[in-house]
Amino acid sequence: MSFNIFEAFKYRRKKTFIHSLDPRTKLALAIGVSALSIIFTELIILLIIFISLIPLLIIAKSIKEWTGTVKGLTLLIVFILFVNIVFNGLSFAVSMVLRIFSLITAFSLFFLTVHPDELSQALIQMKVPFSFAFAMSMAIRYVPTIAREAQTIREAQMSRGLELEKGGFTQKIKNFIPIIIPLIVSSIRRAVSIAESLESRGFGAYSNRTYLLPLKMKKRDYIVLITLLAAIIISVIIKFVVGLPPLLLLSIPF
Amino acid sequence: MLEVINVSYTYPSGDTALKNVSLKISDGELVAIMGPNGAGKSTLVKHFNGLLKPSKGKVLVDGVNTTNMTVAELSRKVGFVFQNADHQLFAETVEKEIEFTLKNLGLHENLEELKVKALEDFDLIKYRDKSPFSLSGGERKRVALASVLCANPKTIILDEPTAGQDLVQKNNLLELIRRFHSEGKTVVIVSHDVEFIVDINPRIITLVNGEILCDGDVQDVLANKMILEYSSLTPAQITEFAWRICEELKPLPNNIITVDQLIEALKTHIIGGSL
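Residue numbers (the numbering used here), protein chains in the order written: chain A, 1 to 254; chain B, 1001 to 1275.
Don't take each hint at face value.
Claimed, not checked - Subject to a maximum C-alpha distance of 27 Å in a straight line, what follows is the list of computed DSSO-like cross-link-like pairs (lysine-lysine):
1) K1154/B with K166/A
2) K1024/B with K1267/B
3) K1130/B with K174/A
4) K1053/B with K64/A
5) K1053/B with K1154/B
6) K166/A with K1077/B
7) K172/A with K15/A
8) K172/A with K1077/B
9) K1096/B with K166/A
Think of the hints as simulated: they come from the structure by calculation, not from any bench. Values in this document were obtained by computation on a predicted structure and should not be read as measured data.
Let's have the full structure, built from the sequences with the hints guiding it.
Okay, structure coming up:
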């Protein structure tokens, strides 16, 4: 088990068109693409959704990070493929893999290109209370830290002879207890000390905060949003009103 | 015996932590690995119990290459105690914490005997039924030590053992390390704590930027201004004091490291000489 998948969701500072978009636009994009890939189960359409995301990755110069994410999730993808082949057949299984690929791509694109501070700023401007927005960006900020800690704990327990791969299915799950418990305990301890240090720095002293850099939607944001909205509306009309043309219903014939 | 032969190690992220390091630690030796943060100290010692495998070169534990051995196999010979006790403790009681290691390492036959010995060695008998989380910091450190050393490994690795420990606890550690050494065990300590290391009086290896800067005894290394500076180590207070006196009173030797030496030097060079 590797904890590197979290690394691949971490924000990287780059100068690209995607990075320059408003975080709210990117959030809408991630949610919109996810919604589309959940509405449809047809192989061809899911393939189109997935393929249309690849240029975005290229524009965001994030192909390498994305590959890392996918590699880290190989086990999950193989599991989804296998279970679906057994219960629903190959065609559906491939569709489901394409769906999970689209979901992963949409959200890794979001987290790779949105700084946690930008995210919390976006949430605040969407009228989410400051403490919730702050908690959200803290949660994202601490993912790599906790992943690193999990790695240390794993090494410490391996040094006491813990073998994660040993035993049957239930034993394998039990093997994780010596890692999970110290991880939870130390996370709680850390949370308490973060809370104390926040308070000692005057967190929550004033209910009305001002912000250094309020977010502003630009022309490019509106273009992306309108394109997204058009894609969703057209898809929904085709799916529920007009009906899908037979070409798009093609599937793997076994 | 631990042998490191031309070992280089590069993390998956691309950072090279060790560059062509070679060293040999004989049975029963007492060794401190010192150096600045990020010098590769932890990376080096993680090779001793197979947590890391060299990217280049090889590591031999008792003549056996670690590449084809699991951490669990190596843990019987090499006990590795991590810096933070809270990264190890998870069981309901102190006793179960120790049993976990013994069972993992397949020491079922004399489990009871080894467990009681570990509880006694680390003065934990009275806490055996308590939850490790209910104990104080120093006590938790002892449980962590006991939970690794109960398997009676021939080699003991202590990563930053004095971090966050008070004087009493440091003295306990000092005593423990001396005891392991007198029992003939190999002890490897990773530390920045110059005063603590002076008291232990080990062979010292300093690492800087993934390379060995020097390898010598306490006197050679910790009283050498240049080595201390390159290794980002603070001189022991007594050394610093002696240096300052040296600046004022030329005849004092410049390699003083213990209180006794300073007193001796003061006697012969100052009091004996001028009075």
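So, going through the hints one by one against the coordinates:
| no. | hint | result |
| --- | --- | --- |
| 1 | K1154/B with K166/A | holds, 25 Å |
| 2 | K1024/B with K1267/B | violated, 39 Å |
| 3 | K1130/B with K174/A | holds, 22 Å |
| 4 | K1053/B with K64/A | holds, 25 Å |
| 5 | K1053/B with K1154/B | holds, 20 Å |
| 6 | K166/A with K1077/B | holds, 21 Å |
| 7 | K172/A with K15/A | violated, 43 Å |
| 8 | K172/A with K1077/B | holds, 25 Å |
| 9 | K1096/B with K166/A | holds, 20 Å |
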